[in-house]
Amino acid sequence: MNKHDTLLLRTEGLSTWFPIRRGLLRKTVGHVRAADGVNIKIRRGETLALVGESGCGKTTVGKTILRLVEATSGRAFYDDVDLMALEPGAFHDYRRRLQIIMQDPASSLDPRMTVRDSIGEGLRAFGMVSDDEDLTRQVAELMQLVSLDSDTMHRYPHEFSGGQRQRICIARALAPEPELIVCDEAVSALDVSIQAQILNLLERLQAERNLTYLFITHDLGVVRYFADRVAVMYLGRIVEDGPAERIFSEPRHPYTRALLASAPSIDPEHRGVEPAALGDVPSPARPPSGCHYHPRCPVRLGRCDRDVPPEVNFADGMSRCFLSEEQES
Amino acid sequence: MTPINQRRWRNFKANRRGFWSLWIFLVLFATSLAAPVLSNDNPLLIRYDGEFYFPLTNFYAETEFGGEFETQADYRDEFVIELIEEKGWMLWPPVRYSYDTINLDLPVPAPAPPSADNWLGTDDHGRDVVARLIYGFRISVLFGLIVAIVSSVIGIVAGATQGYFGGVTDLIFQRVIEVWTSVPQLYVLITIAAILEPGFFILLGIVLLFSWVRLVGLVRAEFLRGRNFEYVTAARALGVGDRTIMFKHLLPNAMVATLTFLPFILNGSIAALTSLDFLGLGLPPGSASLGELLSQGKRNIAAPWLGLSGFFTIAIMLSLLIFIGEAVRDALDPRKTFQ
Chain A
40 MNKHDTLLLR
50 TEGLSTWFPI
60 RRGLLRKTVG
70 HVRAADGVNI
80 KIRRGETLAL
90 VGESGCGKTT
100 VGKTILRLVE
110 ATSGRAFYDD
120 VDLMALEPGA
130 FHDYRRRLQI
140 IMQDPASSLD
150 PRMTVRDSIG
160 EGLRAFGMVS
170 DDEDLTRQVA
180 ELMQLVSLDS
190 DTMHRYPHEF
200 SGGQRQRICI
210 ARALAPEPEL
220 IVCDEAVSAL
230 DVSIQAQILN
240 LLERLQAERN
250 LTYLFITHDL
260 GVVRYFADRV
270 AVMYLGRIVE
280 DGPAERIFSE
290 PRHPYTRALL
300 ASAPSIDPEH
310 RGVEPAALGD
320 VPSPARPPSG
330 CHYHPRCPVR
340 LGRCDRDVPP
350 EVNFADGMSR
360 CFLSEEQES
Chain B
10 MTPINQRRWR
20 NFKANRRGFW
30 SLWIFLVLFA
40 TSLAAPVLSN
50 DNPLLIRYDG
60 EFYFPLTNFY
70 AETEFGGEFE
80 TQADYRDEFV
90 IELIEEKGWM
100 LWPPVRYSYD
110 TINLDLPVPA
120 PAPPSADNWL
130 GTDDHGRDVV
140 ARLIYGFRIS
150 VLFGLIVAIV
160 SSVIGIVAGA
170 TQGYFGGVTD
180 LIFQRVIEVW
190 TSVPQLYVLI
200 TIAAILEPGF
210 FILLGIVLLF
220 SWVRLVGLVR
230 AEFLRGRNFE
240 YVTAARALGV
250 GDRTIMFKHL
260 LPNAMVATLT
270 FLPFILNGSI
280 AALTSLDFLG
290 LGLPPGSASL
300 GELLSQGKRN
310 IAAPWLGLSG
320 FFTIAIMLSL
330 LIFIGEAVRD
340 ALDPRKTFQ
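Sequence order for the protein chains is A and B.
As numbered in the working numbering, residues 40 to 368 make up the first sequence, in order.
As numbered in the working numbering, residues 10 to 348 make up the second sequence, in order.
In case anyone wonders, no lab produced these hints; they're calculated from the structure.
Remember, predicted model here, so these are calculated numbers, not experimental data.
Be careful, since some hints might not be right.
Result set (DMTMM-like, lysine to aspartate or glutamate): computed pairs, CA atoms no more than 25 Å apart in a straight line [what the hints assert, rightly or not]:
#, chain 1, residue 1, chain 2, residue 2
1, A, K80, A, D119
2, B, K257, A, D170
3, B, K257, A, E247
4, B, K257, A, E172
5, A, K80, A, E289
6, B, K257, A, D119
7, B, K257, A, E51
8, B, K307, B, D126
9, B, K96, B, E73
10, B, K257, A, D190
11, B, K257, A, D132
12, B, K22, B, D339
13, A, K80, A, E109
14, A, K66, A, E109
15, B, K257, A, D156
16, B, K257, B, E187
17, B, K96, B, D133
18, B, K257, A, E109
19, A, K66, B, E187
20, A, K80, A, D132
21, B, K96, B, D109
22, A, K80, A, D344
23, B, K257, A, E350
24, B, K257, A, D143
25, A, K66, B, D86
26, A, K80, A, D190
27, B, K96, B, E79
28, B, K96, B, E77
29, A, K80, A, E218
30, A, K80, A, E51
Use the sequences and the hints to build the structure in full.
Set out below in structure tokens:
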């Protein structure tokens with residue numbers, strides 16, 4: 040049996056809208072549709088990369104799944120349990136199984152807490168330690184797991200380098216023994232050489248602990264190296280998903296093509312072949328009608344500004360474009 | 010001490026004025042806490058007929074020293090002094106008056122000017138001014154400290170709740186506070202003083218009623234800012250409860266603002282008590298109070314020692330506190346801490 044066969048997480052029309060309030064009475068005049076009907080599937084043990092430009096809502100999707108931000112509508116099934124419908128108390132049990140590693144390790148560690156307390160925070164919150172000695176022992180194990188010197192556990196975050204801090208964050212996320220880890224731009228703030236170390240570490244941990252990653256990033260180089268499958272997001276919607284290899288070799292959606300073309304490449308053959316996206320990203324508060332991508336799309340059709348293209352399913356992924364619809368038939 | 014606190018302590022010490030003010034204030038406060046031993050109308054110790062007596066804590070009838078009455082011995086009475094010194098001696102505190110001792114042997118009508126007996130004179134009831142200053146200082150500082158600490162605690166809890174939960178909670182709380190702060194404090198006080206005779210604790214309650222709001226805005230702002238910190242999000246993802254997050258991650262940020270304000274709140278509450286006493290709405294008649302001394306000074310312009318000693322005591326006390334407050338502010342200034 041393939042290790043990627045069982046579905047771990049599946050979202051159905053997951054939407055997170057942030058109200059825009061104006062005036063004296065804070066009347067809601069509109070919504071920023073940060074996530075708008077997002078459907079993603081993550082299989083156990085795989086890495087799904089969620090890619091897109093800044094502001095497209097990728098981080099919101101990650102935070103919504105962890106319920107750090109409340110969803111407006113939609114469902115997220117984790118082992119067939121709808122996380123969004125759970126009472127806060129019942130969700131607490133799932134918190135342990137879903138963890139997050141954030142972009143900036145400097146600001147995601149409390150400067151006033153020792154590394155031991157930071158890593159031990161989750162252990163304490165989930166009642167996984169019996170006493171102080173036990174905490175020290177477990178923290179030391181976790182630090183060794185991420186290749187940190189466990190003698191440094193009584194130091195403060197500012198005494199560590201950026202890469203070491205990210206290791207601390209990884210150790211902290213691993214502490215409650217999670218199954219799914221949302222890596223929210225987890226390596227974007229690091230130097231390229233450190234990025235590679237951290238990615239290798241994440242890969243090793245995935246193999247050792249059968250972890251599943253939702254890897255949120257804008258860095259296609261990292262995605263190509265790291266992801267099993269890719270979901271491309273544009274203005275709150277998933278426009279294409281599929282196995283990483285296929286996405287990179289034959290992207291179906293024009294936005295994916297533009298995204299790939301805009302990524303720097305060392306292969307002269309690949310330079311400037313595809314037309315790049317035209318103009319700026321529209322505001323998610325006032326997304327364009329029809330297909331959100333139509334004002335920038337080099338191959339748009341007449342109906343693109345009226346109708347929302349359906350999700351067109353292929354054997355190897357989905358694409359949300361009228362052109363794909365024609366391809367399929 | 011953590012490195013950051015060491016640096017703060019260094020910054021505090023670097024402000025020489027504040028540093029010395031702290032020491033002077035602490036010495037004054039410690040001294041005033043020992044008021045009953047410093048200034049009392051009973052001797053500290055009596056040796057009579059081969060035995061020791063402790064009039065500060067124990068009751069002795071005059072008859073025990075060979076007197077005539079069954080009542081408490083009046084150790085200031087010439088007759089009693091004679092009786093005791095015949096068969097022993099008495100150890101007196103430096104000031105032989107308590108705050109409510111009336112000097113009945115004044116050579117001139119009260120208020121009497123400073124003399125060897127009454128170092129700063131007496132007030133218009135014939136009570137020793139030094140004794141009243143010592144006791145008045147003590148009650149003022151204690152009152153201020155209690156107000157400052159209790160209102161900080163209430164202010165932090167209220168501000169933290171508002172800032173952390175935000176939204177509707179915040180909105181309602183803010184409007185309630187706006188209405189509350191627009192209630193004129195003095196008129197409420199006059200009304201309450203008309204119904205109840207204000208003692209120390211009733212006054213404390215009344216001042217607290219209005220002083221807790223001072224910190225709310227500050228703490229609320231810190232929590233509003235702090236609740237979106239990445240490490241707070243991280244803690245929530247780790248399943249840490251709201252209360253733990255507020256205590257461990259957010260409160261330390263708010264403490265800086267609170268500590269900076271504490272000396273000024275202390276100052277404000279002392280000034281509030283003094284002005285209430287001055288207006289006659291404060292502590293019950295007869296209690297040692299700096300405000301009452303000031304109002305006597307106003308009534309007795311011909312006795313300048315009253316107004317002047319009251320003024321200098323209050324001015325020095327408040328100045329010391331302000332200097333300490335400035336030094337605390339310097340010490341906790343993030344621009345100085347993190348440079």
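We went through each hint and held it up to the structure:
About 12 Å separates the Cα atoms of K80 (chain A) and D119 (chain A), which keeps this hinted pair within 25 Å; it holds. A hinted pair counts as satisfied when its Cα atoms are at most 25 Å apart, and K257 (chain B) with D170 (chain A) qualifies at roughly 19 Å. Annotation: proposed proximity of K257 (chain B) to E247 (chain A) is violated, straight-line Cα distance about 33 Å (limit 25 Å). With a CA separation close to 21 Å, the supplied pair K257 (chain B) and E172 (chain A) stays within the 25 Å bound.
For a cut-off of 25 Å, the pair hint linking K80 (chain A) to E289 (chain A) stands: about 21 Å separates their Cα positions. For the hint pairing K257 (chain B) with D119 (chain A), the CA-to-CA distance comes to about 35 Å; that exceeds 25 Å, so the pair is violated. Taking the CA atoms of K257 (chain B) and E51 (chain A), the gap is near 37 Å; set against the 25 Å cutoff, the hint is violated. A hinted pair counts as satisfied when its Cα atoms are at most 25 Å apart, and K307 (chain B) with D126 (chain B) qualifies at roughly 24 Å.
Between the alpha carbons of K96 (chain B) and E73 (chain B) the distance comes to roughly 12 Å, so the proposed pair stays at or under 25 Å and holds. For a cut-off of 25 Å, the pair hint linking K257 (chain B) to D190 (chain A) stands: about 24 Å separates their Cα positions. Annotation: proposed proximity of K257 (chain B) to D132 (chain A) holds, straight-line Cα distance about 22 Å (limit 25 Å). Between K22 (chain B) and D339 (chain B) the alpha-carbon distance is near 10 Å, which keeps this suggested pair within the 25 Å criterion.
Of the pairs offered as hints, the one joining K80 (chain A) and E109 (chain A) holds, with about 20 Å between alpha carbons and a cut-off of 25 Å not exceeded. The straight-line distance between the Cα atoms of K66 (chain A) and E109 (chain A) is roughly 20 Å, inside the 25 Å bound, and the hint therefore holds. Only pairs whose Cα atoms come within 25 Å are accepted, and K257 (chain B) paired with D156 (chain A) is accepted, the gap being roughly 10 Å. Among the hinted pairs, K257 (chain B) with E187 (chain B) is inconsistent with the structure: their alpha-carbon atoms are about 29 Å apart, more than 25 Å.
Distance check on the hinted pair: K96 (chain B) and D133 (chain B) sit about 37 Å apart at the alpha-carbon level, beyond 25 Å; violated. Of the supplied pair hints, the one linking K257 (chain B) and E109 (chain A) holds, its CA atoms being roughly 24 Å apart against a limit of 25 Å. Annotation: proposed proximity of K66 (chain A) to E187 (chain B) holds, straight-line Cα distance about 22 Å (limit 25 Å). With a CA separation close to 21 Å, the supplied pair K80 (chain A) and D132 (chain A) stays within the 25 Å bound.
Restraint check for K96 (chain B) and D109 (chain B): not satisfied, since their Cα atoms lie roughly 29 Å apart, outside the 25 Å limit. With a C-alpha separation of about 28 Å, the suggested pair K80 (chain A) and D344 (chain A) falls outside the 25 Å cut-off, and the hint is violated. For the hint pairing K257 (chain B) with E350 (chain A), the CA-to-CA distance comes to about 46 Å; that exceeds 25 Å, so the pair is violated. Pair hint K257 (chain B) plus D143 (chain A) holds up; C-alpha atoms about 20 Å apart against a cutoff of 25 Å.
With a C-alpha separation of about 79 Å, the suggested pairing of K66 (chain A) with D86 (chain B) is violated against the 25 Å cut-off. Taking the CA atoms of K80 (chain A) and D190 (chain A), the gap is about 40 Å. The hint is violated against a cut of 25 Å. Only pairs whose Cα atoms come within 25 Å are accepted, and K96 (chain B) paired with E79 (chain B) is accepted, the gap being roughly 20 Å. About 17 Å separates the Cα atoms of K96 (chain B) and E77 (chain B), which keeps this hinted pair within 25 Å; it holds.
Between K80 (chain A) and E218 (chain A) the alpha-carbon distance is near 15 Å, which keeps this suggested pair within the 25 Å criterion. Pair hint K80 (chain A) plus E51 (chain A) holds up; C-alpha atoms about 9 Å apart against a cutoff of 25 Å.
Hints 3, 6, 7, 16, 17, 21, 22, 23, 25, 26, counting from the list given before, are not met by this structure.
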